[in-house]
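Peer 1: Those protein sequence lines, which keep their order, are chains D and B.
For the first sequence, the residue numbers in our numbering are 523 to 1329.
For the second sequence, the residue numbers in our numbering are 20 to 304.
Don't read these hints as lab results, they were simulated from the structure.
Incorrect hints may appear among the rest.
Not the full set, but computed from the structure, chain D residues with beta-carbon under 7 Å of chain B [to be verified]:
hint : residue
1    : L639
2    : S798
3    : E1168
4    : L1229
5    : D1235
For glycine and all other residues, C-beta sits at the position ideal for the given N, C-alpha and C.
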Amino acid sequence: MNGREMGKARRRSEDARLVTGKTQWTDNVQLPGLCHVVFLRSPHAHARITQVNVEAAKGRPGVVGVFSGRDFADEQGSLPCAWPVAEDILIPDHPPMAVSEVRYVGEPVACVVARDLYTAVDALEDIDVDYQPLPAVTDMERALRQSTDLVHGDFGTNQSYRLVVESGDVDAAFRDAPVTIQRRYVQQRLIPTAMEPRAVVCRPVGEEFTMWSATQVPHILRLMLASVTGIGEHRLRVIAPDVGGGFGSKLQVYGEEVLLLLLARRLGRPVKWTESRSEGNLTVHHGRDQIQRLTLAAEADGRIRGFKVDVLADMGAYLMLLTPGVPTLGAPMFNGIYKMDAYSFTCTGVFTTKMPTDAYRGAGRPEATFGIERMMDELAAELRLDPLEVRRRNWIRHEEFPFTTITGLTYDSGNYEAATDKALALFEYDKLRAEQADRRERRDTVQLGIGVSTYTEMCGLAPSRALAQVRSAAGGWEHATVRVLGTGKVEVVTGTSPHGQGHATAWAQITADALGVPFDDVKVLHGDTLVAPRGWDTYGSRSVTIGGVAIHNACQKVVDKARRIAAHLLEAAETDLEYAGGSFSVKGMGGEGASMTLAEVAEATLSAHDFPEGVEPSLDSDATFDPENFSFPHGTHLCAAEVDTETGFVRIRSYVAVDDVGSVVNPLIVDGQVHGGLAQGIAQALYEEAVYDADGNLTTTTMADYLVPSAADLPTFVTDRTETPATSNPLGVKGVGEAGTIASTPAVVNAIVDALRHHGVRDVPMPCTPERVWRALRAAFLEEPEEPGGARPGAAGGLGPVRGGRE
Amino acid sequence: MIPPTFDYIRPSSVEEAVSALSQAGEDAKVLAGGQSLMPLLRLRLAYPDALIDLDRVEPLRQIRSENGDLFIGAMATHHQVMRDPLVREHAPLIAKATATVADPAVRHRGTFGGSLAHADPAGDLPAVALALDAVLVVRSVRGDREIPAADFFVDWMTSAMEPDELLIGVRVPKLGPGWGAHYEKFHRTAQAWAIVGVACAVRRERGAIEDARVALTNMGPAPVRAIEVERFIEGRSVSDDSFRAASERAAEGTSPPGDLHGSPEYRTHLAKVLTARALTAAAAV
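For reference, chain D alone in the conformation it holds in the complex (with noise of 0.2 Å):
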């Protein structure tokens, strides 16, 4: 053996074929008479539907068949809304296509099935609808203070739901708190931008069906396809085949999928539907979108009494599979890594006539990160404190561990201080704020702000008990399939389903080191319901720390399996064997008979002629895992900016990232996923916002407009770790896939408004654009009289220094 697997930097195995393109695409799949779908959607945000004339459609060569939302109207059901966090929720049918009513701009209001895709987009546009407008609902606040405008009428509200969680003597907390900060933060709606645009082909045979979908959760899609077509799940098998990226968009359940299971069977053809970005842009559930309205109160040296979170969550138009859910995660984890005597979470979700939002990469602990950690930074300046002192003096130190938080949780484990110290030195903290005081010294147009993010956050999702307890259907186990084959190679089957996360590559290792195998005689096998019958799929970073640990459990169970076997042909006692390189060995003796290989076990196993008395012959096992306890990674980010304050141009010139993810089974993955995070969170400081306009327009609908970073924007990024294993498992691992996301947008607005503290600037809403950091330091100006010496930048409105010039 090559030794321990965990921890190899191992290129992943799956990705030649990924890259190159040369595998099994939904859009590649081509299958005997395929017809191909397209959808007609709403161009308003909420108008009835009088009428849908699809008859010249209809006429086109080539078109097989053209239905509006009516045509479907007895069998389509609503589309599942599996977390009604409270239970007065109000919770409104949802069709997969619109039937009298459309609610958001790209809602499916029609749908087109012809012999090419060419012939399809031409009848798209010969389809007449007639819509009488009705208002739209564009505003959260002023969607709740008035009760006319409604997204859904028979609602008599706007409001889905309240939910409030309290936890401590909040009203003591703040009653003559030396210290209370207020704030209100925006985070904007933002669209996960996956590689691959999601794709659907469904193939009828007889009354069973095969959907082959770009989705992250095949397992669950094919629970709710079910539940929702009344097809009975034995006759779905569903198939996630290699898929291009999620972050969330593909834990859904779309009305496309369930209209082209509709459709398969009404024409008794295979279809097929694959969206352009465009559309996708229009219609893959939007992320984030809430109003925080966060109070502080801490006693003078900085020690936190009390919080107050007060959200609003925009739900969009319609609660999908996990809409409501996800802003109500922020609800344990708003204290972030802190100690604090009271705390009080209030989300009120809020219906408007836009795309639903739904789970998008962190979802809902982005959220409570940015607002925990931008207010440690608005605490330290109101006491004039280093950000980093004013943290440590809250944080949870690491003695401390296990630390019951002040909402209920249990954080098994962490070192904040370590990884603290590490990030510090890595990134020349100091040499950094000597620069930033000589920058402001010298009144450089050009301000340098270092952000400090120490966050943490729950992934592992999740023990069955806590989800019951949120109210969630979803169960959180995992489950892995282990077959030691005739010849001693190895197939594991996990429920796990990757998405560009490696597992083809990671499983494989923990199987090499569980079983002593090695690494190559593994082939891991997922995202089929055939192949992987059982299973919750891939989102909330729960893969490793869930699906991974099942893995390592049903292989303890082959290697005791084995034992008995190896036991029975080495003619020696099972306690007198040990098992180390994938060999079994009697104790104290050497040479020949003493010893056999898992690969002879399993040859001795497939033929079953000598076998012990009353032991199956088959090595082949099954574990399903269920946490105890979530997972609490942590980590220190910091970020040093440069701002331009003459154009508002932030360009980031350093960030660095150490992360405590708990024993690592691949370090390259684990820093692909960080930069990763770190790319989206860092876009959603600076670069992405679904802007919808007054009327409810997307305006956003490219990737001209919605600007999403590309590698030539970000830095260079320093990422390092320190390793605190998770105790909730074996193997010590926490998750990763969510870490860089969560910890990275505050670190990046931290660091602006630390760059322009100095001239007023307590805020830039988020995308911090040029323009805004612009207009949020001429405001800053002109609410503030000028400081003795005129340290004001040119973008007060008249013009400074050229660049790099001096005053």
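With chain D held as given, fit chain B onto it using these hints.
Peer 2: This is chain B only, laid out in the frame that chain D set:
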């Protein structure tokens, strides 16, 4: 995602292309590099009857010296232009601005002539052509016509070309010794269009600016020459003070658009800041 139906014509000579354009009439579109036209087709924002693809018209890719001027064939790709020794020597402003266009993939397909004919005020090259007093040479069955850049860009995505006219190349007066050039582009991400851009060339003599050409990208429905800046700076000393004072005049006569990336007010401010920077960089040569 799927373009509407169109006829596809692929001439192999300029004559064939001009004749095809003349026959195809008003609703034909010329396909040069496709970096702007193809997205418009795929989003069904354009419904041409015919596409005339110039990809096989090799002579249009030439870059050469001609009667003391630089002549850049309309089909020279951005990649070709930014690396061409003649362009780098005699029109460094073009080389510098072209290097900021989108990304390498786009620069390998997109063409110099295509960018100009598209007449997008957010494109980088129209302002450059304007600043350099370039002359656009167009051909039709009726003959050749030379259109100065100042007359070529008429309105938003509208040029002075007649529907049957084909842009065959651009004549650029060579800048002699003493000239410095700079393109100051301001955009949010590396691949994004300019929010504002400033194309600038200046000639220094004995510590003063003797000649200045300044044109602005995305400060109106067409590229704009910053005449007031030029007038002010000519004859003044090379100094931060004079550049700053000159750039105060940068937004005069402009009508900047407002969009997600910048309001008219912000663009007005940017034009001034960026003009000062462009002058400084160009004069530093």
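Peer 1: How about L1229 of chain D: closest beta carbon in chain B under 7 Å, or not?
Peer 2: Status holds, d = 5 Å.
Peer 1: So, as I understand it, the hint says D1235 of chain D touches chain B; can you test that by seeing if any CB pair is closer than 7 Å?
Peer 2: The hint holds - D1235 of chain D has a Cβ within 7 Å of chain B, the shortest such distance being about 5 Å.
Peer 1: Can the hint on E1168 of chain D be confirmed by a CB-to-CB distance to chain B that is less than 7 Å?
Peer 2: Holds, about 5 Å.
Peer 1: May I ask you to test the interface hint for L639 of chain D with respect to chain B, counting a Cβ-Cβ separation under 7 Å as satisfied?
Peer 2: L639 of chain D check passes; min Cβ-Cβ to chain B is 6 Å, inside 7 Å.
Peer 1: Mind checking the CB of S798 of chain D against every CB in chain B and telling me if the closest is under 7 Å?
Peer 2: 4 Å, holds
Checked against the numbered hints above, the structure violates none of them.
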